[in-house]
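Starting from the known structure of chain P, fit chain S onto it as the hints suggest.
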Amino acid sequence: MAETSSDSIDVTYVADLARLRLSPGEIATFQKQLGDVLGYVSQLQEVDVSHVSLLGDADLKNRLRADELQPSLSPTEALANAPRQDNNLFVVPKMVE
Amino acid sequence: MDITSLTIPELRQKLSSKAVTPREVVDQLASRVEAVDPKLKAYLHLDVEKARAAADVANPALPLGGVPIAIKDVINVKGDPCTCASKILQGYVAPYDATVITKLREAGAVLFGRTNMDEFAMGSSTENSSWGSTRNPWDLDRIPGGSSGGSAAAVGGHEAFAALGTDTGGSIRQPAALCSCVGLKPTYGRVSRYGLVAFASSLDQIGTFTKTVEEAALLLEIIAGYDPHDNTSIDRPVPKYTHSLHQGVKGLRLGVPKEYFIEGIDPEVEKAVRDAIEEYKKQGAEIVEVSLPHTKYAVAVYYIIATAEASANLARFDGVRYGKRAQNPKDILDMYGRTRAEGFGAEVKRRIILGTYVLSSGYYDAYYNRAQKVRHMIAEDFRVAFESCDALLTPTSPTAAFKIGERTADPLQMYLADIFTIAVNLAGICGISIPCGFTSSKLPIGLQIIGPKWGEETMFRVAHAYEQATPWHKEKPPL
Chain P
143 MAETSSDSID VTYVADLARL RLSPGEIATF QKQLGDVLGY VSQLQEVDVS HVSLLGDADL
203 KNRLRADELQ PSLSPTEALA NAPRQDNNLF VVPKMVE
Chain S
1267 MDITSLTIPE LRQKLSSKAV TPREVVDQLA SRVEAVDPKL KAYLHLDVEK ARAAADVANP
1327 ALPLGGVPIA IKDVINVKGD PCTCASKILQ GYVAPYDATV ITKLREAGAV LFGRTNMDEF
1387 AMGSSTENSS WGSTRNPWDL DRIPGGSSGG SAAAVGGHEA FAALGTDTGG SIRQPAALCS
1447 CVGLKPTYGR VSRYGLVAFA SSLDQIGTFT KTVEEAALLL EIIAGYDPHD NTSIDRPVPK
1507 YTHSLHQGVK GLRLGVPKEY FIEGIDPEVE KAVRDAIEEY KKQGAEIVEV SLPHTKYAVA
1567 VYYIIATAEA SANLARFDGV RYGKRAQNPK DILDMYGRTR AEGFGAEVKR RIILGTYVLS
1627 SGYYDAYYNR AQKVRHMIAE DFRVAFESCD ALLTPTSPTA AFKIGERTAD PLQMYLADIF
1687 TIAVNLAGIC GISIPCGFTS SKLPIGLQII GPKWGEETMF RVAHAYEQAT PWHKEKPPL
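Quick mapping for you: the protein sequence lines, in order, are chains P and S.
Every letter in the first sequence is one number past the one before it in my numbering, and letter 25, counting from 1, is 167.
Every letter in the second sequence is one number past the one before it in my numbering, and letter 13, counting from 1, is 1279.
Warning: the hint list may mix true and false statements.
Stated by the list, open to error - Residues from chain P shown here face chain S by an in silico Cβ test under 7 Å; the list is partial:
no., residue
1, V156
2, A160
3, Y182
4, Q185
5, G198
To be verified - With a straight-line Cα cutoff of 25 Å, these simulated DSS-like cross-link-like pairs (lysine-lysine) come out:
no., chain 1, residue 1, chain 2, residue 2
6, S, K1537, S, K1524
7, S, K1353, S, K1305
8, S, K1516, P, K203
9, P, K236, S, K1590
10, P, K236, S, K1524
11, S, K1506, S, K1344
12, S, K1548, P, K174
13, S, K1719, S, K1562
14, S, K1506, S, K1280
15, S, K1547, S, K1740
16, P, K174, S, K1562
17, S, K1719, S, K1740
18, S, K1548, S, K1524
19, S, K1708, S, K1740
20, S, K1740, S, K1305
Simulated from the structure, these hints should not be mistaken for lab results.
Idealized CB from N, CA, C, for every residue including glycine.
With the rest of the complex left out, here is chain P (with noise of 0.2 Å):
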């Protein structure tokens, strides 16, 4: 069981994960509310859950279909919300050095 009192939230590295750029009045506010919400759930861990399986008993199967091509999106139609494109391509940053 991992450690899960209040403190244990490391919001400042959980929103790099979440490519998410925080101020330190949000990263505050969020620590503290976050910590409350995880006291809240930590209730989950006085479950019994050892005799149920993490699919449950659901009956799922993967649906197929044959990889045909169907009607979609025109280029332009997908890019006309980008916020810059150019020559049917999206554009972003460089990447690579």
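Using the frame of chain P, we list chain S on its own:
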């Protein structure tokens, strides 16, 4: 003649007898919006000219021919904005129709306005909208519930005949209860989610807000069904739900789960629901007490699973393909980090952080996997309960509408507003909230009727029997 208080069958009758034209319907509804929406703020976008144009070509012979339907701003309607009440989607124009929209169009409906909501459907009060709160038509100082608060206020305030909403943990049923309308959350897989902006994909389901149960049944007949574009929609025939409404409850067994009458429930809410149970007894239903022993864990399970799924689903908002992008990014990480910081509101950020945390290395087993297992136990509780009854009766919300601002500083208190609705989503079953009275200060109270998977027919029948015997759904708010 004020047509805005009519039900859909009443409106259709007037349309087919040509007592009113589809354009006049749109015009009268637009006048009502002009009169009351400055107070309610239920609508985010409304293009009356477009609705008029659609009305002019509407075919009154179709099941919804010329009937305006409002749409929660989380469902894609081709050529229209779809902001999810988020700044990150400001300026976005939907490039395609959601399947439910295609089905509404095919049935002749006139798409009328997009309704306000908590940002990305995360909230229970509509206070998390980036464009301001919607107000409760019964008391403008109070919240309409959420996250589909705009749809609930629009239907409750008679500025929409009906509206689509989405329900991930109660986001249709809770606001319906608080605004005195009928709110339907169908069985998971009954309605296609294609074109719905995803929050928590294993919980989200599109449903309806209406004035009556009959209208909910009618709309579900139209929007339900298998869709090859949504692999979680189920290929089962769609019954004529409107045909089985009138059979009454005599001989049905209705379960009352003891875990839903707990400390913290408003005594006036409890009394109204107990009175409703008495009414069912009077009509010949057998009332049985049942137990759903894992009920108290539902909110905790939900806030792990829903936030985990949200953290993954909202990763797509990265400033690349659509929506907002931060100005002058110095590199790709700077672009992601600032785009999301500037685009998302506080509650969305909180849930992304929580969801990322419960899925992160070292915590995955303790939180996410454990929550999944308890989720299965909650579903099993319902399966066992439905062996001894046909439907369950519970309050929809533990309290009537609370004051604007009352719970915004305490997310956990806000989360507990959904304590009676969340388990239905976790179990993938169906639920409906119908009006069952008012508090002494004239705030609406909702009765929740829960059915098993694919149990909509009996659920509607139970809801309709109570509605027809009581006056609540006919009351109009003092706007």
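| Hint check: is the beta carbon of A160 (chain P) less than 7 Å from a beta carbon of chain S? | 4 Å, holds
| Given the hint that K1506 (chain S) pairs with K1280 (chain S), does the C-alpha gap stay at or below 25 Å? | Satisfied, since the Cα-Cα distance of roughly 23 Å is no more than 25 Å.
| task | Take a quick look at whether K1537 (chain S) and K1524 (chain S) sit within 25 Å of each other, Cα to Cα. | result | 15 Å, holds
| task | Would you check the hint for K1740 (chain S) and K1305 (chain S), treating anything up to 25 Å between C-alpha atoms as holding? | result | Distance of about 22 Å is within 25 Å: holds.
| With 7 Å as the cut and Cβ atoms as the points, is G198 (chain P) at the interface with chain S? | 4 Å, holds
| task | Sort out whether K1562 (chain S) lies within 25 Å of K174 (chain P), counting only the CA atoms. | result | 23 Å, holds
| Pairwise hint evaluation, K1524 (chain S) against K236 (chain P), where the allowed Cα distance is 25 Å at most | Violated, at roughly 60 Å.
| query | Taking only the CA atoms, is the gap from K1353 (chain S) to K1305 (chain S) under or equal to 25 Å? | reply | 23 Å, holds
| Keeping to a limit of 25 Å between CA atoms, is the pair of K1719 (chain S) and K1740 (chain S) held or broken? | 30 Å, violated
| request: Mind checking the alpha carbons of K236 (chain P) and K1590 (chain S) for me, to see if they're no more than 25 Å apart? | output: 18 Å, holds
| field | When the least beta-carbon distance from Q185 (chain P) to chain S is tested against 7 Å, hint result | value | 6 Å, holds
| query | Going straight from one Cα to the other, do K1548 (chain S) and K1524 (chain S) come out at no more than 25 Å? | reply | 21 Å, holds
The structure is inconsistent with the numbered hints 8, 10, 11, 12 and 17, although it conforms to all the rest.
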